[in-house]
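Student: Residue numbers (our numbering), protein chains in the order written: chain A, 35 to 279; chain B, 35 to 279; chain C, 35 to 279; chain D, 35 to 279.
Just so you know, not all the hints are guaranteed correct.
When chains are identical, the list treats them as one kind, so a pair holds in a single copy or across two.
[As the list claims (entries may be wrong)] As a list, the in silico SDA-like pairs of lysine to any residue whose alpha-carbon atoms are at most 20 Å apart:
| # | residue 1 | residue 2 |
| --- | --- | --- |
| 1 | Lys94 | Lys186 |
| 2 | Lys186 | Glu128 |
| 3 | Lys254 | Ser265 |
| 4 | Lys254 | Glu46 |
| 5 | Lys186 | Leu206 |
| 6 | Lys94 | Tyr144 |
| 7 | Lys94 | Gln168 |
Calculated from the structure, these hints are not laboratory results.
Number of protein chains: 4
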Amino acid sequence: MSLPEHLLPYTEPIPVLDHGFVRLVETWGKGDAGEPEAGIIEAARQSTQGSFRGWEKDEKLLSFLFCNKPPHATPFEFAGMVIEVRAPIFVFREWHRHRQQSYNEMSARYAPLPDVNYVPTVERIMMSGGKNKQAGAVTGTEVNLDVEGAEKFRSELIETYGFFQEDYESALAMGIPKELARCGMPVGRYSQMRASTNLRNWLGFLTLRMDPGAQWEIQKYAEAVAYICRSQFPRVMELFDASRN
Amino acid sequence: MSLPEHLLPYTEPIPVLDHGFVRLVETWGKGDAGEPEAGIIEAARQSTQGSFRGWEKDEKLLSFLFCNKPPHATPFEFAGMVIEVRAPIFVFREWHRHRQQSYNEMSARYAPLPDVNYVPTVERIMMSGGKNKQAGAVTGTEVNLDVEGAEKFRSELIETYGFFQEDYESALAMGIPKELARCGMPVGRYSQMRASTNLRNWLGFLTLRMDPGAQWEIQKYAEAVAYICRSQFPRVMELFDASRN
Amino acid sequence: MSLPEHLLPYTEPIPVLDHGFVRLVETWGKGDAGEPEAGIIEAARQSTQGSFRGWEKDEKLLSFLFCNKPPHATPFEFAGMVIEVRAPIFVFREWHRHRQQSYNEMSARYAPLPDVNYVPTVERIMMSGGKNKQAGAVTGTEVNLDVEGAEKFRSELIETYGFFQEDYESALAMGIPKELARCGMPVGRYSQMRASTNLRNWLGFLTLRMDPGAQWEIQKYAEAVAYICRSQFPRVMELFDASRN
Amino acid sequence: MSLPEHLLPYTEPIPVLDHGFVRLVETWGKGDAGEPEAGIIEAARQSTQGSFRGWEKDEKLLSFLFCNKPPHATPFEFAGMVIEVRAPIFVFREWHRHRQQSYNEMSARYAPLPDVNYVPTVERIMMSGGKNKQAGAVTGTEVNLDVEGAEKFRSELIETYGFFQEDYESALAMGIPKELARCGMPVGRYSQMRASTNLRNWLGFLTLRMDPGAQWEIQKYAEAVAYICRSQFPRVMELFDASRN
Numbered sequence: 035m036s037l038p039e040h041l042l043p044y045t046e047p048i049p050v051l052d053h054g055f056v057r058l059v060e061t062w063g064k065g066d067a068g069e070p071e072a073g074i075i076e077a078a079r080q081s082t083q084g085s086f087r088g089w090e091k092d093e094k095l096l097s098f099l100f101c102n103k104p105p106h107a108t109p110f111e112f113a114g115m116v117i118e119v120r121a122p123i124f125v126f127r128e129w130h131r132h133r134q135q136s137y138n139e140m141s142a143r144y145a146p147l148p149d150v151n152y153v154p155t156v157e158r159i160m161m162s163g164g165k166n167k168q169a170g171a172v173t174g175t176e177v178n179l180d181v182e183g184a185e186k187f188r189s190e191l192i193e194t195y196g197f198f199q200e201d202y203e204s205a206l207a208m209g210i211p212k213e214l215a216r217c218g219m220p221v222g223r224y225s226q227m228r229a230s231t232n233l234r235n236w237l238g239f240l241t242l243r244m245d246p247g248a249q250w251e252i253q254k255y256a257e258a259v260a261y262i263c264r265s266q267f268p269r270v271m272e273l274f275d276a277s278r279n
Numbered sequence: 035m036s037l038p039e040h041l042l043p044y045t046e047p048i049p050v051l052d053h054g055f056v057r058l059v060e061t062w063g064k065g066d067a068g069e070p071e072a073g074i075i076e077a078a079r080q081s082t083q084g085s086f087r088g089w090e091k092d093e094k095l096l097s098f099l100f101c102n103k104p105p106h107a108t109p110f111e112f113a114g115m116v117i118e119v120r121a122p123i124f125v126f127r128e129w130h131r132h133r134q135q136s137y138n139e140m141s142a143r144y145a146p147l148p149d150v151n152y153v154p155t156v157e158r159i160m161m162s163g164g165k166n167k168q169a170g171a172v173t174g175t176e177v178n179l180d181v182e183g184a185e186k187f188r189s190e191l192i193e194t195y196g197f198f199q200e201d202y203e204s205a206l207a208m209g210i211p212k213e214l215a216r217c218g219m220p221v222g223r224y225s226q227m228r229a230s231t232n233l234r235n236w237l238g239f240l241t242l243r244m245d246p247g248a249q250w251e252i253q254k255y256a257e258a259v260a261y262i263c264r265s266q267f268p269r270v271m272e273l274f275d276a277s278r279n
Numbered sequence: 035m036s037l038p039e040h041l042l043p044y045t046e047p048i049p050v051l052d053h054g055f056v057r058l059v060e061t062w063g064k065g066d067a068g069e070p071e072a073g074i075i076e077a078a079r080q081s082t083q084g085s086f087r088g089w090e091k092d093e094k095l096l097s098f099l100f101c102n103k104p105p106h107a108t109p110f111e112f113a114g115m116v117i118e119v120r121a122p123i124f125v126f127r128e129w130h131r132h133r134q135q136s137y138n139e140m141s142a143r144y145a146p147l148p149d150v151n152y153v154p155t156v157e158r159i160m161m162s163g164g165k166n167k168q169a170g171a172v173t174g175t176e177v178n179l180d181v182e183g184a185e186k187f188r189s190e191l192i193e194t195y196g197f198f199q200e201d202y203e204s205a206l207a208m209g210i211p212k213e214l215a216r217c218g219m220p221v222g223r224y225s226q227m228r229a230s231t232n233l234r235n236w237l238g239f240l241t242l243r244m245d246p247g248a249q250w251e252i253q254k255y256a257e258a259v260a261y262i263c264r265s266q267f268p269r270v271m272e273l274f275d276a277s278r279n
Numbered sequence: 035m036s037l038p039e040h041l042l043p044y045t046e047p048i049p050v051l052d053h054g055f056v057r058l059v060e061t062w063g064k065g066d067a068g069e070p071e072a073g074i075i076e077a078a079r080q081s082t083q084g085s086f087r088g089w090e091k092d093e094k095l096l097s098f099l100f101c102n103k104p105p106h107a108t109p110f111e112f113a114g115m116v117i118e119v120r121a122p123i124f125v126f127r128e129w130h131r132h133r134q135q136s137y138n139e140m141s142a143r144y145a146p147l148p149d150v151n152y153v154p155t156v157e158r159i160m161m162s163g164g165k166n167k168q169a170g171a172v173t174g175t176e177v178n179l180d181v182e183g184a185e186k187f188r189s190e191l192i193e194t195y196g197f198f199q200e201d202y203e204s205a206l207a208m209g210i211p212k213e214l215a216r217c218g219m220p221v222g223r224y225s226q227m228r229a230s231t232n233l234r235n236w237l238g239f240l241t242l243r244m245d246p247g248a249q250w251e252i253q254k255y256a257e258a259v260a261y262i263c264r265s266q267f268p269r270v271m272e273l274f275d276a277s278r279n
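Could you build all of it, start to finish, from the sequences and the hints given here?
Tutor: Here it is in structure tokens:
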């Protein structure tokens, strides 16, 4: 099997939403062109010492491991990725519920967060909650949201961001401690972090966050993570993608 | 040993900050008046089957386990607590970095968060970053913060909260999906959750969050958690408190 | 719904294999007759604050949570159990791969392990590897195992156990350190531990270890754990049992 | 700072005990000669965005992070290592209590374990339990262990190993399932695994297992792991080694 060119380390940030990105920092366990996903395959072979027939073929082995997930998922812990992400705080709030990842995030206690904020497009606003009705309009709202409404919301949101920023700067200038000056900071403001975990956990993250029930914004981040995963672990991701259809 | 009255289940919410609280929901491993902390003690005795001299005395055993922490900390995993907490979002942001706890939090995707927001007192604002200088005023600020400045910040913060709330209600009324209407929501708004973990992890949480370098607000929550711990696990907490002085 | 009598704390050891057992020590989150599984249900309601229609009925709520597992599994972390187990070392070797449980096990470094060993029945030996062919006879073995062979193995195993025990006692009597005297100890010897984790993790354990591909011996332990779970969390386990058929 | 030659990937197995080894498979986060430990340093800088004075110097930053461990330990999660280990089963039994590592071990269910067993040297036997008295001779043993006793134990142990091996081979030849034929297998037999985790967890492992209270055998493995860590993360390990004196 000859490898696609994109197996080379991918370090350009992939843009997400209006000001966010996902960027690959480092990978391990991905092997090389001669033996891609070597870290996973060698770990799996450690258990069986050649006793399983058919496992001499990497493809058959990977497919067996993937399809019998829980009892055979540990080899996927022998590869992993570090990424860098810029996303709105409300996206990080959902992301950080994944307790198997390591995080180092910018802290508004230590440095003022730059004035970069998420404003959803009209198209996005019109999607409502997508496939997740609970996330949509409040129950009992009789109004049908139209483009004008969406645009009104956008302007008001931009105004809210501006209103906070003015107060933030004034508070910092007055000597208000940074950790308090942030009280009014909107959850739509962008923050930045590095995140690291093994491939098993990345696949778990993708399963939950590429799901149509997840909030559309975190779905976009998950898709960027999946794109990077595909460039690093093409055969595993082929199985992953196949399993979702 | 006769037990203090407060060993009885404590379920009244303990008020924290202007609108928050911590409330005990359930405990396990705490034994009864006849044998407090029984869950911990019996787990420890499981390992040694009576082979350690001196361990027939509960106090000596607990003290040994506590002081030799890492190799002997597992018995503290055999007790635990579920609590309910109301706190500002920026406190939850710090809290959720503790990846060994279980969380179920109100979701602004599913229900509008009530208009309850944190406004620090003048006294609190004047503390600046406390013992953590990094969290204080931005470097280069020549101004000395005075009471007037603190009061100005309070009014502006209240205004910011009000500004958002108006837009939030108007957005929800227009049929904007709840998950987007929240973009401008300030991190000073109160949210609510249940949190559960074993005593070993609660002690880890207390160690980090009662530290003078932690943000003052989360310190107040940690003190409320410690208060509840003392009512449930008096002998362990005596050792914990002694270890901090 | 009136509760089955067995919802009362079950503390009698359930016998497993020739000398093992599983015993319930403590449960949390199970609520009471008036509201079984209250810990799980209240945690789930925390997230939604009454915003989901249909969730006012406990059964509908539990069923929703259970069937949408990964995104909605956290409420099952708000209940849990501590158990005590006696099992052969090779069973514990498999059990301890579950990294989300807490363990306190007898230590042969600290106290000589009693001379109690697992001898499989003829019937069990004749099962071969059950549904897991890899665990069966070595490849290339042409012999068909018969009852006589099984009985021969049993006698030889008993002899091996006896041979070690004699050396063990002699080594301990000579003053050989306990931590070394154990070198020859067979993995069929019984050890004992306490194990604790939340219900979400117990369900994960059951899924893997009640599977026909798991070793028959640990299946028997998993069945005993499931039996206890049913007595404590009857409605969750009804969903669990239904999901396996 | 010019880097020591041993910063190059080290892949030769380091011998441990009579037949064991530890071997580096892969590292991440270690940076290169121009910026060693880059993964850790960049993750740390992510949090503070240049707001801490003095942190422009890598050494000062690493030292700050290391010495303020718990609140500032997360950057050490952005580097890690995969290793391969051959060790006696009783060493693996202790090792696997570290629940933050990933493991893939040879399975005696799937392939007969080769006849390689640990026989402690006379010198080792004479150490008794070292600094851990509990691990030494059983209480009440009046005998002083002498060289003759140690040699007697060695011969008996070798005999026990031989006795089992004969039965094992005979059982396998008779068609006894592999997963049962192993019941009599001594915990002194060597097994093999891959283990992977981040540097924060490796440091935790080293702290516990290089301690004089740990069993001498696992201390030897921890020292080999530390040796590899030093070759990959020289500046972090300098801080680690200094902290232990």
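Student: Could you tell me which of the hints above the structure violates, numbers in ascending order?
Tutor: The structure conflicts with hints 1, 2, although it agrees with all the remaining ones.
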